[in-house]
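In order, the protein sequences belong to chains A and B. Straight run, no breaks: the first sequence in UniProt numbering ends on number 746. Straight run, no breaks: the second sequence in UniProt numbering ends on number 746.
Everything labelled a hint here was simulated from the structure, so no lab data went into it. Backbone N, C-alpha and C define an ideal beta-carbon position, used for all residues, glycine too. Fair warning: there could be bad hints in the mix.
Taking CB as the label site, the calculated pair distances span [unchecked claim]: (1) P589(B) with R528(A): 27 to 37 angstroms; (2) D221(B) with S714(A): 28 to 38 angstroms; (3) N243(A) with D277(B): 23 to 33 angstroms; (4) G273(A) with H160(B): 38 to 48 angstroms; (5) R528(A) with C162(B): 29 to 39 angstroms; (6) S245(B) with T180(A): 47 to 57 angstroms; (7) T414(A) with E451(B): 20 to 30 angstroms.
Number of protein chains: 2
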Amino acid sequence: MLIAGIVLTLKGQPPTEQLTSFVDPFIGTEGAGDVFPGASLPFGMVKLGPDCSDKSSNSGYVPGGVIHGFSHVHVSGTGGGPKYGNILVMPFTGPFQPGEIQSQPSNEQASPGYFAVDLTNYDIKAEMTVSRRVGFHRYTFGNTNERGILVDAGSMLGEHHCCGEAQQLIGSEIKVVSDTLIQGYTRVRGGWNKGGEYTVFFSAVFDTPAKSFGTWKGDTDSPEKASEYDSGEKTGAWFFFGNGSKKAIQVKVGISFISCGKALANLRQEVPGWDFDKVHQDAVQTWNKVLNTIHVEGASDDMKKVFYTAMYHAMLMPVDRTGENPKWHSDEPYYDDFYAIWDTFRATNPLLTLIQPNRERDIVRSLIDIYRYEGYMPDSRSGNQTGRTQGGSNCDMVVADAFLKGLKGIDYQTGYEAMIEDAEIPPGGNQQTDGRGGINEYIKLGYVPAEYEPKGKSPTLHTPKLYDRAGTRTVEYSANDWAIAQVAKGLGKKADYEKYRKRASNWPNLWRRQVNDSGVSGFIWPKRRDGSWVEDFSTTKAGSWGNFFYEADAWEYSFYVPQDAQALIDSCGGAETFVKRLDTFFTGPNYRVDNEPSFFTPCLYTYAGYQYKSSDRIREIIQKHYTSARDGIPGNDDSGSMSAWLVFNTVGFYPNAGQDVYLITAPHFHRAVLDLGDGKQLEVIASNLSEKNRYIQSATLNGKPLNRAWFRHSEIADGGKLRFVMGPKPSDFGKENLPPSLSDME
Amino acid sequence: MLIAGIVLTLKGQPPTEQLTSFVDPFIGTEGAGDVFPGASLPFGMVKLGPDCSDKSSNSGYVPGGVIHGFSHVHVSGTGGGPKYGNILVMPFTGPFQPGEIQSQPSNEQASPGYFAVDLTNYDIKAEMTVSRRVGFHRYTFGNTNERGILVDAGSMLGEHHCCGEAQQLIGSEIKVVSDTLIQGYTRVRGGWNKGGEYTVFFSAVFDTPAKSFGTWKGDTDSPEKASEYDSGEKTGAWFFFGNGSKKAIQVKVGISFISCGKALANLRQEVPGWDFDKVHQDAVQTWNKVLNTIHVEGASDDMKKVFYTAMYHAMLMPVDRTGENPKWHSDEPYYDDFYAIWDTFRATNPLLTLIQPNRERDIVRSLIDIYRYEGYMPDSRSGNQTGRTQGGSNCDMVVADAFLKGLKGIDYQTGYEAMIEDAEIPPGGNQQTDGRGGINEYIKLGYVPAEYEPKGKSPTLHTPKLYDRAGTRTVEYSANDWAIAQVAKGLGKKADYEKYRKRASNWPNLWRRQVNDSGVSGFIWPKRRDGSWVEDFSTTKAGSWGNFFYEADAWEYSFYVPQDAQALIDSCGGAETFVKRLDTFFTGPNYRVDNEPSFFTPCLYTYAGYQYKSSDRIREIIQKHYTSARDGIPGNDDSGSMSAWLVFNTVGFYPNAGQDVYLITAPHFHRAVLDLGDGKQLEVIASNLSEKNRYIQSATLNGKPLNRAWFRHSEIADGGKLRFVMGPKPSDFGKENLPPSLSDME
């Protein structure tokens with residue numbers, strides 16, 4: 001069904017290729033990737049795919065797992081308590097056996113905007129495609145048994161998750177409006193972000209009139225009963241269509257977070273007819289368009305598969321819910337499922353700024369609008385509710401990144417207000433949700449002390465423990481402060497610039513020089529309010545919300561000073577010692593590829609003048625950890641964060657997020673053309689590149705020599721040509737003119 | 001239509017009188033009362049009444065104002081930005097002229113559960129009655145013009161209010177399901193509590209099939225169009241029924257905060273038929289039942305009117321929304337529209353504890369359940385969202401009042417947890433919403449300092465100002481701490497008791513002895529962090545959220561030490577000086593009868609041994625400020641707070657809320673019988689009472705002499721007989737055995 005090969009050639013632009021053919025949505029569905037393999041548009045609100053086995057999978061999907069049905073709202077690449085899995089549709093053959101309807105899968109297929117599987121228990125081929133807010137199902141029944149389809153308004157993922165992160169049903173409603181229309185909703189709270197209530201409304205339109213129907217509430221099935229009102233229980237409905245014929249039965253399910261009426265309007269607007277293949281082709285074209293924003297040459301098909309699947313994964317989340325915000329009415333865009341900014345600010349947001357600037361503009365505007373109406377920008381958010389912060393207030397990085405890169409159409413004055421709110425206003429009872437927990441102490445002491453313990457019973461809180469991320473918070477708050485300082489400078493707020501620039505150098509307050517491990521000394525370490533160090537701690541102690549470090553250990557966090565690598569190098573004893581430390585780190589057990597705090601660490605060699613070592617590390621990481629196999633993503637994809645990291649690094653540079661600086665990490669492709677929008681292109685050429693010739697010998701930018709291993713966004717913002725000459729050995733490239741650090745600057 | 005006189009006599013109990021005949025819902029609709037005169041059950045979710053003039057009235061009603069229609073959700077006796085006014089129904093005669101449909105009123109009638117008015121523009125008699133969640137309309141058309149009825153899902157009150165307290169439409173939806181059924185909803189945010197979104201769903205069923213119909217969205221009217229989905233605009237629908245006949249057209253409107261399906265279920269469950277008079281009679285009986293919990297004898301009909309209307313007003317709010325909570329599913333009761341606890345904890349909640357213990361139990365349970373799911377009990381709440389605190393965390397008083405009076409069926413362990421949350425956990429960014437703003441400083445310094453300034457941009461915040469209620473907070477936190485101490489003691493938490501008992505004596509930290517005014521010295525005064533007093537301040541400076549005192553001045557708040565009147569008397573220079581101070585206060589300009597902080601102040605004479613002066617003051621206040629006229633309530637009724645104050649004081653005693661103590665204030669009736677539930681009665685008899693014989697000479701409780709002007713709840717909890725002998729002159733009654741104060745106790 002897919003159109004292979006070249007579709008269109010625009011004048012002077014690379015041809016629009018059928019790049020969807022290089023996307024395999026199953027990559028990352030095995031191992032720890034947790035990616036969603038079902039049908040979705042880029043940033044699509046409807047993510048239609050199977051919910052399997054015991055519905056404890058974060059994406060709904062379980063390889064080979066028994067299928068309960070296909071639900072319309074999912075997230076991709078996430079951990080913790082599952083969220084969503086709402087409005088489940090399942091075809092079956094009669095009779096209707098409540099609670100028993102499920103099937104073994106066979107012959108699963110997935111491609112952008114399409115998912116198919118044979119339901120062997122019933123001899124049904126299930127296919128699905130999507131528009132932004134509509135799921136389109138096509139069920140072909142293979143035998144002549146009585147054909148049935150159910151719509152379950154009570155189904156969800158993660159009902160039995162631990163740790164207060166289970167989803168809980170508040171209520172649901174179902175109504176058989178006619179023999180071709182079922183409407184209803186599910187209202188749920190909880191999940192990973194311990195969020196309040198969210199409601200998913202639907203209108204399901206069938207192309208074949210039902211011959212009989214029924215509804216259920218709780219354990220009671222009622223044939224011929226047309227509606228079940230919401231009394232806090234699970235409800236659903238089934239249609240029977242009589243005995244089988246070869247003709248498929250199609251169902252379109254409009255989804256809305258506003259109302260059933262809106263769901264129906266969405267359906268009518270986006271998918272007026274019954275042409276499944278047309279909707280599918282539209283989805284493919286939409287994906288092709290965004291995939292074609294990076295055109296690569298000189299890569300194996302396998303590498304292209306890895307690369308374009310990564311691009312695909314980096315564009316599944318956050319979710320565009322513009323027009324679907326039940327909480328306020330504004331003219332701003334609305335995005336949800338930031339899962340979390342802590343993951344995505346490092347690579348995903350900068351990637352969008354580069355190749356989808358209008359999309360990133362809208363995302364930033366939505367974050368600022370959340371601040372307008374709720375008081376803080378979120379670090380994580382899902383189901384219209386801000387969840388826990390992971391560490392710092394990293395929306396600050398996102399706003400600064402957009403500002404410094406000149407992204408237009410954003411109210412930066414209000415964005416700056418929101419950053420100051422993060423930096424100054426204690427979130428109090430919600431110290432785990434909004435802004436910066438422990439901010440008063442950070443301001444007063446210059447670090448979050450070891451005794452820091454957020455108190456309170458807010459339902460979004462974990463049971464408070466000593467240290468609550470005091471280490472992660474201190475280093476990230478320092479980086480966030482530098483983001484604020486730069487925006488302050490750009491907005492002409494000189495005093496603020498000085499203030500936050502100073503605060504950006506708070507991280508050394510937790511640098512304990514005396515700690516030694518594996519020949520390396522100096523680590524970020526827990527310090528008490530009175531200035532004394534905690535002794536009962538180790539360099540390899542990682543943790544989660546309740547601990548000193550979040551999701552990484554002292555080895556990893558002691559490299560997290562993106563705003564001032566030079567000062568970090570000095571603290572570590574100079575460039576040579578620092579490079580040794582990096583070597584020890586990457587060859588030892590403490591580097592974890594799947595861990596965001598270390599995303600930028602390979603680039604740190606470049607700050608010490610060793611660009612080629614950055615390049616080597618990255619090449620090694622990619623070769624070792626990224627493949628086109630189903631377990632080809634290292635760890636949770638984290639809303640596409642792992643994937644965005646790969647995209648940048650294979651193209652040949654990597655952003656220092658929250659700055660206008662890219663580090664050159666060496667291309668994996670002979671040629672890559674990035675579409676920056678408005679007809680602007682950035683061309684990256686690697687002459688002589690081969691597996692052997694992988695070291696940069698020299699570089700030019702727009703024809704002029706580039707004697708440094710970094711460049712500013714402003715240098716390529718209007719497009720340009722970055723040309724590298726590659727060779728078999730490391731050169732002096734990047735030895736001089738080191739990338740900028742805070743402590744170098746005026 | 002009302003049945004006059006005595007209905008039923010139970011064995012040994014006072015006869016059930018038709019006490020609704022003494023209720024005039026118009027009392028308090030003129031002047032500043034802001035009470036709602038429409039149809040409601042006790043604590044009823046549906047409050048059906050007219051929305052008038054420019055819809056800027058808090059109750060919807062404006063005396064003589066042009067009527068736009070009758071909407072289903074209202075509050076009573078409130079100030080600030082209006083809330084609700086949702087789902088408006090209006091009859092008219094053709095043609096349909098959008099935006100022009102309104103009428104002058106004539107012949108307004110109101111009684112419990114019933115409202116009627118002639119719409120003179122159209123010659124229509126409009127009548128309405130209610131069940132808990134259903135509004136029942138009966139429209140009798142007086143001429144033969146084409147009869148129409150519209151349902152406006154976009155109408156609301158207070159759209160143009162200032163100060164960030166305006167209501168804002170998020171969206172609405174309407175659907176003409178059949179010629180007798182219209183469904184839809186309105187989603188709104190804002191209003192007095194600056195709340196987030198709430199959604200009011202409805203199902204309107206007509207007894208007469210429409211002959212034609214139409215719908216509108218924004219400014220576009222669409223005849224024959226059956227639905228308007230939610231795109232963020234105002235929507236509505238109209239029905240035409242052809243030319244007139246004498247037969248009335250009836251409409252039942254089921255309301256729900258869950259869904260249209262639930263609204264229809266509510267309608268079918270509560271009002272299955274079309275017998276308007278029956279539904280009206282049921283409402284009257286329900287009111288009669290709750291009014292008959294106090295049976296009074298020996299009062300003029302006018303006094304009875306004042307008294308029973310006050311009882312009526314004290315039972316309009318909060319609103320029983322059990323089964324209608326869209327935010328979580330629990331088995332606990334759910335109440336909304338606490339507007340605010342700061343107003344009602346003083347008299348309304350203690351009144352319910354006494355005569356409607358099951359109702360009060362359910363209210364307390366709902367407050368604790370809000371803590372369970374949201375982290376704090378509310379001080380104010382409306383539209384399912386907690387709004388600003390007025391001063392202290394006065395839910396503590398409500399829980400303590402219930403606990404100390406032995407109210408059964410409440411999880412006091414969790415209630416105590418919620419109190420500790422208030423007392424210990426800084427609400428941070430929401431310092432104006434949850435818990436106790438400035439709690440860290442209160443704990444550290446023993447007072448909230450003058451410089452206290454809640455920072456932050458939370459949408460629920462006013463623009464922060466210096467002093468943010470530091471004075472109100474300090475005195476109320478001290479009183480709240482005593483409430484906690486007493487519960488701690490009862491739960492066997494000895495260390496906590498000692499801790500909070502100590503904190504309950506924090507108020508003198510703001511007592512500035514040197515301030516003099518009108519011969520009186522010593523006032524609560526703003527003090528800085530460093531211990532120095534603010535000089536630029538005055539004893540008569542009252543304010544609101546941004547000021548040192550909330551809604552009262554230093555004269556008033558310097559009497560607010562309900563937990564330790566004895567220490568206050570000492571601070572003021574002893575009993576005689578204190579009584580002079582009270583005299584100066586009550587005869588001067590600073591006492592404001594409509595002001596909750598002074599509700600208890602008349603009782604303070606009794607703590608100095610002058611019961612008769614308490615009695616005199618109260619009698620004077622009632623005679624001066626409470627009448628049966630339409631402006632007969634002094635100031636905002638504040639959700640019935642003014643009314644509950646009157647009920648207690650006319651019966652003859654008044655609670656020290658948050659303690660198990662009542663002060664005897666002298667009866668206004670020869671006999672009052674209070675139904676305490678479970679067949680228990682408290683009889684209050686005033687022998688020889690007359691306008692002249694208004695002083696208590698002696699008292700007995702259950703036949704034994706009562707040599708004190710107060711008693712404990714435990715002394716009357718199982719019922720009892722309180723008998724006073726009245727005389728023409730003050731006696732020694734209450735001179736000895738003064739009521740308990742914290743500083744008297746072990």
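Hint-by-hint comparison with the structure:
1. P589(B) with R528(A): 27 to 37 angstroms: Given about 56 angstroms between the Cβ atoms, the range is violated.
2. D221(B) with S714(A): 28 to 38 angstroms: Given a distance of about 53 angstroms, which is not inside 28 to 38 angstroms, the answer is violated.
3. N243(A) with D277(B): 23 to 33 angstroms: Violated, since N243(A) and D277(B) (Cβ atoms, about 55 angstroms apart) do not stay within the stated range.
4. G273(A) with H160(B): 38 to 48 angstroms: For G273(A) and H160(B) the Cβ distance comes to about 45 angstroms; the hint holds.
5. R528(A) with C162(B): 29 to 39 angstroms: Between R528(A) and C162(B), where Cβ atoms are some 49 angstroms apart, the hint is violated.
6. S245(B) with T180(A): 47 to 57 angstroms: With a Cβ separation near 39 angstroms, S245(B) and T180(A) fall outside 47 to 57 angstroms, so the hint is violated.
7. T414(A) with E451(B): 20 to 30 angstroms: holds, 28 angstroms
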